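I would like the entire structure built from these sequences, with the hints used as guidance.
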Amino acid sequence: MKKCIYAILCFFITTGCGMKTQLDELTLALTVGLDEGKNGNLLIYSISPVFNKEAKNIYEVIRTVGMTPRDGRSKANAFASGKIVGGKAQNIIVSKTLAKKHDMFSYLDVFYRDPKNSTTANFIVFDGPLKDLMYVRLNDKPRLSVAIRDVILTAHVSKQTTKINMLDFRRLSLDRAQTSFAPILKVHKGDLIAGGIALFNEQRKYVGSLLQKESPYFAILKKNVKPATSLTFQTKKQKEYVSISVEHGDFSYKPSFRNGAFHFDVRMKLGVIVTESTTYIDMKKEKKKVEKWLAKEIQKQLESVVKKIQKYEVDPVGFGLYARAYEYKQFQKQKSWPKAFAKAKIDIHPTVEIISYGVLQ
79 MKKCIYAILC FFITTGCGMK TQLDELTLAL TVGLDEGKNG NLLIYSISPV
129 FNKEAKNIYE VIRTVGMTPR DGRSKANAFA SGKIVGGKAQ NIIVSKTLAK
179 KHDMFSYLDV FYRDPKNSTT ANFIVFDGPL KDLMYVRLND KPRLSVAIRD
229 VILTAHVSKQ TTKINMLDFR RLSLDRAQTS FAPILKVHKG DLIAGGIALF
279 NEQRKYVGSL LQKESPYFAI LKKNVKPATS LTFQTKKQKE YVSISVEHGD
329 FSYKPSFRNG AFHFDVRMKL GVIVTESTTY IDMKKEKKKV EKWLAKEIQK
379 QLESVVKKIQ KYEVDPVGFG LYARAYEYKQ FQKQKSWPKA FAKAKIDIHP
429 TVEIISYGVL Q
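In the working numbering, the protein residues as written are 79 to 439.
One thing to keep in mind: the hints can contain errors.
Unchecked claim - Simulated crosslink set (DMTMM-like; lysine to aspartate or glutamate; CA at most 25 Å straight-line):
hint, residue 1, residue 2
1, K194, D210
2, K315, E381
3, K413, E280
4, K301, E375
5, K374, E354
6, K300, E280
7, K363, E381
8, K423, E292
9, K166, D210
10, K283, E375
11, K179, E138
12, K267, D228
13, K366, D343
14, K291, E431
15, K385, D343
16, K304, D328
17, K241, E364
18, K421, E431
19, K300, E318
20, K300, D192
21, K423, E280
22, K407, E354
23, K174, E138
24, K179, D253
25, K267, E114
26, K417, D253
27, K389, E369
28, K267, D205
29, K374, E364
30, K314, E405
31, K378, D328
32, K367, E318
33, K386, E280
34, K366, D269
To be verified - Distance ranges between label pairs, derived from CB positions:
hint, residue 1, residue 2, range
35, G338, R249, 41 to 47 Å
36, P220, R254, 18 to 24 Å
37, T232, K413, 39 to 45 Å
38, E318, V235, 39 to 45 Å
39, K332, D253, 16 to 22 Å
40, Q312, D187, 44 to 50 Å
Don't read these hints as lab results, they were simulated from the structure. Because the structure is a prediction, the values reported are computed rather than measured. In this text, a Cβ means the ideal position worked out from N, Cα and C, and glycines have one as well.
Laid out in structure tokens, this is it:
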């Protein structure tokens, strides 16, 4: 009996060892980039770590030209240092030029269709030719793929941009009640900068963007105030500013349909902490006055963001979710929700409560 058990164990151990693959025999594509090439071809980039101790570089960039991402990967296998594996991808990046001209589903299909690929990778839009990103040298940062992931995450937490993975991008793109979006990345003076939000229409094409300074208000509209959202406002006097940290919020979105158009009554109660003040206003004595002023400033910025997305005929905030939930019959009658949303009337009424003035008071 013991000999039988020993033989079975030996079989499994030797079988497992025979099937294993060494890391230095693989090319793990941690970042995949797609850009528009000449004559309608596609430029496909991949960034992979190098595990060989004798190699000088810690990662390699492979560039191929193909008709589709799968075609490009097949060609890349001809000169890669190991078999290319895409299941560990952390970032899928497309250039703004490519995103403007084409339905993204045409180029992202392989990432969803092939079960070996990762759908949890970050989806990112790059502002500029992708070669500027792929061949940048970051001497003070880790491997490029890790640096890209970390920059996007840090900017997302601080509300300077957003964050979305491949699966969520597809889910939003297929939802009639909203449209998709993605973070924007660019290279400036040899460094990575994440800021702003790329907006996609119903056809999954890039149509415009929100600026970095507009990103925190986009987060507020999506009820995403945690971790705390930092905002800075200038008073009527020059060089006098007040900075606040939005700690929590209560939100109410009430849709209605009147006179052939949707109406949204948006109300929010924001609890804030004053984190900086270069003005001589006595915050405690003028609390009500300051709260009303802050609410008015926030209202202006939120209305500006809403008008901008209505201009582009997109709904990344998800107003359509409320219209579908509370005005289902009217929502179903709309051939295109983004076009209906562009004509909607949005009334935003924020109120602000100062819950702390900082440790100095």
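Outcome of the hint check:
1. K194 x D210: violated, 29 Å
2. K315 x E381: Roughly 23 Å between the alpha carbons, so the hint for K315 and E381 holds.
3. K413 x E280: OK: K413 and E280 at ~12 Å, within 25 Å.
4. K301 x E375: holds, 18 Å
5. K374 x E354: Holds - the C-alpha atoms of E354 and K374 are around 18 Å apart, at most 25 Å.
6. K300 x E280: holds, 19 Å
7. K363 x E381: Violated - the C-alpha atoms of E381 and K363 are around 29 Å apart, more than 25 Å.
8. K423 x E292: holds, 20 Å
9. K166 x D210: holds, 23 Å
10. K283 x E375: Answer violated: K283 to E375 is near 32 Å, above 25 Å.
11. K179 x E138: Roughly 29 Å between the alpha carbons, so the hint for K179 and E138 is violated.
12. K267 x D228: holds, 19 Å
13. K366 x D343: Distance of about 24 Å is within 25 Å: holds.
14. K291 x E431: Given that 25 Å is the threshold and the Cα spacing comes to 23 Å, the pair holds.
15. K385 x D343: holds, 15 Å
16. K304 x D328: Answer holds: K304 to D328 is near 12 Å, not above 25 Å.
17. K241 x E364: violated, 38 Å
18. K421 x E431: violated, 32 Å
19. K300 x E318: violated, 29 Å
20. K300 x D192: The given pair, whose Cα atoms are some 32 Å apart, is violated under the 25 Å limit.
21. K423 x E280: holds, 21 Å
22. K407 x E354: Cα-Cα ~48 Å, so violated.
23. K174 x E138: holds, 24 Å
24. K179 x D253: holds, 21 Å
25. K267 x E114: Holds, because 23 Å separates the two Cα atoms, which is no more than 25 Å.
26. K417 x D253: holds, 14 Å
27. K389 x E369: Given that 25 Å is the threshold and the Cα spacing comes to 30 Å, the pair is violated.
28. K267 x D205: Measuring from Cα to Cα gives roughly 14 Å; hence the hint holds.
29. K374 x E364: holds, 15 Å
30. K314 x E405: Cα-Cα ~42 Å, so violated.
31. K378 x D328: holds, 19 Å
32. K367 x E318: holds, 16 Å
33. K386 x E280: holds, 16 Å
34. K366 x D269: violated, 43 Å
35. G338 x R249: 41 to 47 Å: Violated, since G338 and R249 (Cβ atoms, about 30 Å apart) do not stay within the stated range.
36. P220 x R254: 18 to 24 Å: violated, 41 Å
37. T232 x K413: 39 to 45 Å: At 41 Å between Cβs, range holds.
38. E318 x V235: 39 to 45 Å: 28 Å Cβ-Cβ, so the 39 to 45 Å window is violated.
39. K332 x D253: 16 to 22 Å: holds, 21 Å
40. Q312 x D187: 44 to 50 Å: holds, 47 Å
The structure shown violates the earlier hints numbered 1, 7, 10, 11, 17, 18, 19, 20, 22, 27, 30, 34, 35, 36 and 38.
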